[in-house]
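Peer 1: Respectively, the protein sequence lines represent chains H and X.
Once you know that position 285 of the first sequence is 285 in our numbering, the rest is easy, because the numbers rise by one and skip nothing.
Once you know that position 192 of the second sequence is 192 in our numbering, the rest is easy, because the numbers rise by one and skip nothing.
Be a bit skeptical, because a hint or two may be false.
Said to hold, decoys possible - To be clear about the criterion: a stretch of chain X counts as covered by chain H if any three or more of its residues have a C-beta under 8 angstroms from a C-beta of chain H, and this derived list gives those stretches: (1) 81-93; (2) 106-117; (3) 212-225; (4) 264-270; (5) 317-323.
Hints are computed from structural coordinates only; laboratory data are not their basis.
For glycine and all other residues, C-beta sits at the position ideal for the given N, C-alpha and C.
There are 2 protein chains.
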Amino acid sequence: MAKFEILNTDSDSAARRAVLTTAHGKVETPVFCPVGTAGAVKGTTPQQLKETGSALILANTYHLMLRPGIETVEELGGLHKFMAWDRAILTDSGGYQIFSLNQLTKTDDDGVEFTSHIDGAKIQLNAEIATNIQNRLGADIIMCFDECTPFPCSGSQLKKAVERTIRWAGRCKQTHTNSSQMLFAIVQGGIDLPLRTHCASELVKLDFDGYAIGGLSVGEGHDNMIKTVNSTTKFLPQDKPRYLMGVGTPADIIAAVKAGVDMFDCVLPTRNGRNGFAFTENGPLRLRNNAHIDDTAPVEAGCDCYCCKNFCRGTLRHFFKTKEYLGPILVSLHNLRFYQRLMTKIRRAIEKNEFADWAAEQLKTGS
Amino acid sequence: MAKFEILNTDSDSAARRAVLTTAHGKVETPVFCPVGTAGAVKGTTPQQLKETGSALILANTYHLMLRPGIETVEELGGLHKFMAWDRAILTDSGGYQIFSLNQLTKTDDDGVEFTSHIDGAKIQLNAEIATNIQNRLGADIIMCFDECTPFPCSGSQLKKAVERTIRWAGRCKQTHTNSSQMLFAIVQGGIDLPLRTHCASELVKLDFDGYAIGGLSVGEGHDNMIKTVNSTTKFLPQDKPRYLMGVGTPADIIAAVKAGVDMFDCVLPTRNGRNGFAFTENGPLRLRNNAHIDDTAPVEAGCDCYCCKNFCRGTLRHFFKTKEYLGPILVSLHNLRFYQRLMTKIRRAIEKNEFADWAAEQLKTGS
Numbered sequence: 001m002a003k004f005e006i007l008n009t010d011s012d013s014a015a016r017r018a019v020l021t022t023a024h025g026k027v028e029t030p031v032f033c034p035v036g037t038a039g040a041v042k043g044t045t046p047q048q049l050k051e052t053g054s055a056l057i058l059a060n061t062y063h064l065m066l067r068p069g070i071e072t073v074e075e076l077g078g079l080h081k082f083m084a085w086d087r088a089i090l091t092d093s094g095g096y097q098i099f100s101l102n103q104l105t106k107t108d109d110d111g112v113e114f115t116s117h118i119d120g121a122k123i124q125l126n127a128e129i130a131t132n133i134q135n136r137l138g139a140d141i142i143m144c145f146d147e148c149t150p151f152p153c154s155g156s157q158l159k160k161a162v163e164r165t166i167r168w169a170g171r172c173k174q175t176h177t178n179s180s181q182m183l184f185a186i187v188q189g190g191i192d193l194p195l196r197t198h199c200a201s202e203l204v205k206l207d208f209d210g211y212a213i214g215g216l217s218v219g220e221g222h223d224n225m226i227k228t229v230n231s232t233t234k235f236l237p238q239d240k241p242r243y244l245m246g247v248g249t250p251a252d253i254i255a256a257v258k259a260g261v262d263m264f265d266c267v268l269p270t271r272n273g274r275n276g277f278a279f280t281e282n283g284p285l286r287l288r289n290n291a292h293i294d295d296t297a298p299v300e301a302g303c304d305c306y307c308c309k310n311f312c313r314g315t316l317r318h319f320f321k322t323k324e325y326l327g328p329i330l331v332s333l334h335n336l337r338f339y340q341r342l343m344t345k346i347r348r349a350i351e352k353n354e355f356a357d358w359a360a361e362q363l364k365t366g367s
Numbered sequence: 001m002a003k004f005e006i007l008n009t010d011s012d013s014a015a016r017r018a019v020l021t022t023a024h025g026k027v028e029t030p031v032f033c034p035v036g037t038a039g040a041v042k043g044t045t046p047q048q049l050k051e052t053g054s055a056l057i058l059a060n061t062y063h064l065m066l067r068p069g070i071e072t073v074e075e076l077g078g079l080h081k082f083m084a085w086d087r088a089i090l091t092d093s094g095g096y097q098i099f100s101l102n103q104l105t106k107t108d109d110d111g112v113e114f115t116s117h118i119d120g121a122k123i124q125l126n127a128e129i130a131t132n133i134q135n136r137l138g139a140d141i142i143m144c145f146d147e148c149t150p151f152p153c154s155g156s157q158l159k160k161a162v163e164r165t166i167r168w169a170g171r172c173k174q175t176h177t178n179s180s181q182m183l184f185a186i187v188q189g190g191i192d193l194p195l196r197t198h199c200a201s202e203l204v205k206l207d208f209d210g211y212a213i214g215g216l217s218v219g220e221g222h223d224n225m226i227k228t229v230n231s232t233t234k235f236l237p238q239d240k241p242r243y244l245m246g247v248g249t250p251a252d253i254i255a256a257v258k259a260g261v262d263m264f265d266c267v268l269p270t271r272n273g274r275n276g277f278a279f280t281e282n283g284p285l286r287l288r289n290n291a292h293i294d295d296t297a298p299v300e301a302g303c304d305c306y307c308c309k310n311f312c313r314g315t316l317r318h319f320f321k322t323k324e325y326l327g328p329i330l331v332s333l334h335n336l337r338f339y340q341r342l343m344t345k346i347r348r349a350i351e352k353n354e355f356a357d358w359a360a361e362q363l364k365t366g367s
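Same shape as in the complex, but just chain H:
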């Protein structure tokens, strides 16, 4: 059984419609994964998350490693049982958080040593440890340990990080033992296209279950990001899933699907939801605005989410003004459903071989 089966390709773009078969169900791609940082997609129950149409969610190895700790997750029955999520889960390698959140005390060809932002403990992480930890957590898709560079970044630092990322990916593959988990490699290289090409080509030689594009959406801007994605996907195999990490806005996702990307994760729907910022087809809605005081309309007319079917903007505004947590919960649910509806529209457009036109229309109206 093919783990990744392409059902349709768009004749006017690189977009593909596929099914990824995991140990916890089939995932229709292009797919959007809500982020369950420390074991929960903030403020939502797994039941509510299922109702938004989510088939695959992300959990952060770094956060779980620090709290409650890998051994505890194992003792509690592994990640699926711990999170009460019986659909597919993807864990990242921890690289991104280590390079962005921490005081790195040592980085060398072996790996990194960092100081925990929780309790100051010194922790070592490298290819072998990151893979072993993810094997123990038991997600359906796990990621290679990579070196993430900031933006902007000097050419020599970028090159060094890419070489390490390639070598570490080889070590991750050597270490990976659990065949029920797919191991994805991560292409690095900033917005340096030849470096991205080199990184992609070397990783492809090692033959992974899928390929992620990391190190983007860190300040380079939409156009640089899409140019890099477009260039990189050309060097990735057609028959393996492609995952653009930490992306993005609806416009980012549509443009990246056009470039041949299959998977996305982002905190935007829940982070914005917590702040009273709702996504709609007609653009963003700030629910704290006075304009919504006596607004009896739902967040988005025609939306089938729990929030839109039951609550009006006036009530939501009141919840945000009075700090009732039901406001963040409801708008997070709406935003997650908005993203899942967007992915459904993307998949339908590819199935009908109308994606390029549909995408052009969407990007024009500024979704």
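Could you slot chain X onto chain H? The hints should help.
Peer 2: Only chain X this time, still in chain H's reference frame:
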């Protein structure tokens, strides 16, 4: 059609099993009402609240009056639509909050003037205004405006408050126009039994749809409270519902049902839930405790709530330690279900005419 139909009475106590018919469905009594202070039972969606078995919830007139304001609730379609709750709602009169939360700038026989704790605005409230506001909100059960006294309280202050409460109840009844709403009077009098008797007797002469016992659970202690309830219910008509406001612990509720009380409301299940404190048949559980780090048991074995069916104590402890809001949500849901299961057991025991024995057993094991 009788609005309050008694189905069974316990032969060894004053406990009754009845059905209260409201404009938004039948309420099986004895009933526990979760508290939706400002239009939401904190952290729970109406759907989740229904799944706990809640048939009647309380909303606070005082909080809604200040934010978003009565006119706004009306513009948004009335309280049921505003809260997205299609079952029964009860609103209090605002008296309790005004006397406990605010800088009272004037109290006289007409009513009170107070300074809003939100924006410092001067607001007047009296029997007519409180009734009119509750008529406009549109709850199924509304309460008379009463004067709440602190505990302890001088005999003369208590007596004055009781006389005012009686006079204000008469004015509320005169003002009340919406026959689809039941109007309940509130018996005051602290723990002064003759004063309680006087207040109850005078209110009964005015003939209300139900009678509440207010001004308890304010520091007088379980025994004083139950003694007062026992004494007061004797002077209330058999054929009208009796409501003990703001009460309480499982033990308080069982003892008050024994004294003939039909209705309860309390923030304990949600407030304790938010703090990681779970109710169980075997006593309270503090989920933050280190003992639960690798605890794979549910909060309460055999509980049919969403939390217990899906999450173990170890995960819940992790959510509280990492400030994931899913922890408060899940434990609030468990506690609300715990209270509803308690009420079901109370109703079954009365139906079987075994309530007195069952209650004695429960109170012995310290529930």
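Peer 1: Please go over all the hints and tell whether each is borne out by the structure.
Peer 2: Evaluation of the provided hints:
1. 81-93: holds (count 4)
2. 106-117: It is violated: at least three residues are needed, and the stretch 106-117 of chain X offers just 0 whose Cβ sits closer than 8 angstroms to chain H.
3. 212-225: Since three or more residues must qualify, the claim that chain H covers the stretch 212-225 of chain X is violated, with 0 doing so at under 8 angstroms.
4. 264-270: Our answer is that it is violated, as 0 residues pass the Cβ test (under 8 angstroms) against chain H, missing three.
5. 317-323: holds (count 5)
The structure shown violates the earlier hints numbered 2, 3, 4.
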